[in-house]
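Input sequences plus hints: build the corresponding full structure.
Protein chains: 2
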Amino acid sequence: MRGKFAPVKALIFDVFGTVVDWRGSIIRETGTLARAKKLDLDPAAFADAWRAGYQPAMARVRSGELGWTKIDALHRMILDDLLVKFGVRGLKAAEIDHLNRVWHRLAPWPDARAGLKALKKSRIIGTLSNGNVSLLANMAKSGGLPWDVIFSGEIFHHYKPDPETYLGACELLSLDPAEVMMVAAHKSDLMAAKACGLATAFVRRPLEHGAGIKTDLKAERAFDINADDFLDLARRLGP
Amino acid sequence: MRGKFAPVKALIFDVFGTVVDWRGSIIRETGTLARAKKLDLDPAAFADAWRAGYQPAMARVRSGELGWTKIDALHRMILDDLLVKFGVRGLKAAEIDHLNRVWHRLAPWPDARAGLKALKKSRIIGTLSNGNVSLLANMAKSGGLPWDVIFSGEIFHHYKPDPETYLGACELLSLDPAEVMMVAAHKSDLMAAKACGLATAFVRRPLEHGAGIKTDLKAERAFDINADDFLDLARRLGP
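Residue numbers (this note's numbering), protein chains in the order written: chain A, 69 to 307; chain B, 69 to 307.
Incorrect hints may appear among the rest.
One copy or any two copies: either way a pair holds, since identical chains are not told apart in the list.
As the list claims (entries may be wrong) - Using 30 Å as the maximum straight-line C-alpha spacing, the simulated DSSO-like pairs for lysine-lysine come out as follows:
| id | residue 1 | residue 2 |
| --- | --- | --- |
| 1 | Lys209 | Lys188 |
| 2 | Lys209 | Lys77 |
| 3 | Lys72 | Lys209 |
| 4 | Lys77 | Lys160 |
| 5 | Lys72 | Lys160 |
| 6 | Lys138 | Lys188 |
| 7 | Lys282 | Lys189 |
| 8 | Lys138 | Lys105 |
| 9 | Lys209 | Lys105 |
| 10 | Lys262 | Lys138 |
| 11 | Lys138 | Lys255 |
| 12 | Lys209 | Lys189 |
| 13 | Lys77 | Lys188 |
| 14 | Lys185 | Lys209 |
| 15 | Lys77 | Lys185 |
| 16 | Lys72 | Lys286 |
| 17 | Lys77 | Lys106 |
| 18 | Lys185 | Lys138 |
| 19 | Lys282 | Lys72 |
Just so you know, these hints were derived from the structure itself, not from any lab.
The structure displayed is predicted, hence computed values, not measured ones.
Structure below.
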């Protein structure tokens, strides 16, 4: 008997927030740095401000104000502003470089590695992230994420949610969009993938923005699957 | 003490002939098919003719006669001609499709898996092949090849040895060409990579064209490393 999801031959994943806990990771690293350097810094506010700069930075590329730019470079532009805003002084250039690459070292959610291993047994698994390829490759190595393929907006010179990213990934997979499932903790990403004909799986990540912050976790009929984590997703997808 | 090859942070590999034994794999599969279907077919001649059609097919894309075309489609065009030429009749469409995808199932050379595992401990490893992305991803799954990243001419819409492929891979790795080593069993591929500033490793594959066929295996000073196989390459590169 073919299961309901038999046509799905590949899964592509949003990464920041869906696979890895960007906020917790950045809080930990900036907290450690702040203690070592005796900086008066709220690591949570710093993490949130860094992430908040991300959409506006991509908008500068979309508008044509900036040419195509890797997320590493956007993160660095935002970071340079934040260091001034938060009054952080005295970091050496190599220390700022290292801090900027915290995004290469983000820790996976507790279920992510085991869930991805289960999911890759009978299907291709890959990223589809706005993070640049080297960021995603380094993160996979440091976090033990067993991707079959790494797809990034960088390959298509478009950021999500531009259709070129979803359709570009399907083209490189040599699959029809209906054979590819987009997995994300963010509904806007899934709706954009769905508009391109991809299957969709919503994974709840209630702690993405921190404990006590209300996040939209409601299951939606618009998505093919609504799951609690990657292990739940593997169970629902079936073999 | 930093070793001689300390700057090399990533290795990118030619695949057909360097990582996998295309000829032996195709001989085995077409031999099995010929026996099952009672075809009068020389599997070795068939494998060699299929491979011989590859450069002329890419030349049709290079000249502009064909638009950008996946290797899967080029392999199929060559195969359709060969079936006529070799007088093969009576294969169903699904059987021809399956035969064409033998290139997704090519077997790694005996040292390849263990060598790649050793090499990926402290460096990024990836493909740089004219094979399309889905071919390379399926091959990695069937052959257990532990790539960190899959790069293909398909991503750049250029085939090797066009410089766009070597430089495109370095750009996606966010590395200088001198930090990236091209690994291949074919000297022309390495010379083209070297011209782009990449480090180079020549790996001898004396059986690529079959036992008793003379292949150019001479070590060259032009290359940073000349190795007997991937395990030898890992030893010479050092940690």
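Hint by hint, here is what the structure shows:
no.: 1; hint: Lys209 <-> Lys188; result: both (17 Å within a copy, 9 Å between copies)
no.: 2; hint: Lys209 <-> Lys77; result: both (24 Å within a copy, 13 Å between copies)
no.: 3; hint: Lys72 <-> Lys209; result: between (33 Å within a copy, 24 Å between copies)
no.: 4; hint: Lys77 <-> Lys160; result: between (47 Å within a copy, 24 Å between copies)
no.: 5; hint: Lys72 <-> Lys160; result: between (55 Å within a copy, 28 Å between copies)
no.: 6; hint: Lys138 <-> Lys188; result: both (28 Å within a copy, 24 Å between copies)
no.: 7; hint: Lys282 <-> Lys189; result: neither (34 Å within a copy, 41 Å between copies)
no.: 8; hint: Lys138 <-> Lys105; result: within (29 Å within a copy, 53 Å between copies)
no.: 9; hint: Lys209 <-> Lys105; result: within (28 Å within a copy, 46 Å between copies)
no.: 10; hint: Lys262 <-> Lys138; result: both (26 Å within a copy, 26 Å between copies)
no.: 11; hint: Lys138 <-> Lys255; result: within (24 Å within a copy, 33 Å between copies)
no.: 12; hint: Lys209 <-> Lys189; result: both (19 Å within a copy, 9 Å between copies)
no.: 13; hint: Lys77 <-> Lys188; result: both (10 Å within a copy, 27 Å between copies)
no.: 14; hint: Lys185 <-> Lys209; result: both (14 Å within a copy, 13 Å between copies)
no.: 15; hint: Lys77 <-> Lys185; result: both (15 Å within a copy, 26 Å between copies)
no.: 16; hint: Lys72 <-> Lys286; result: within (22 Å within a copy, 56 Å between copies)
no.: 17; hint: Lys77 <-> Lys106; result: neither (51 Å within a copy, 34 Å between copies)
no.: 18; hint: Lys185 <-> Lys138; result: both (28 Å within a copy, 29 Å between copies)
no.: 19; hint: Lys282 <-> Lys72; result: neither (32 Å within a copy, 53 Å between copies)
The structure does not agree with the numbered hints 7, 17 and 19 stated previously, though it agrees with the rest.
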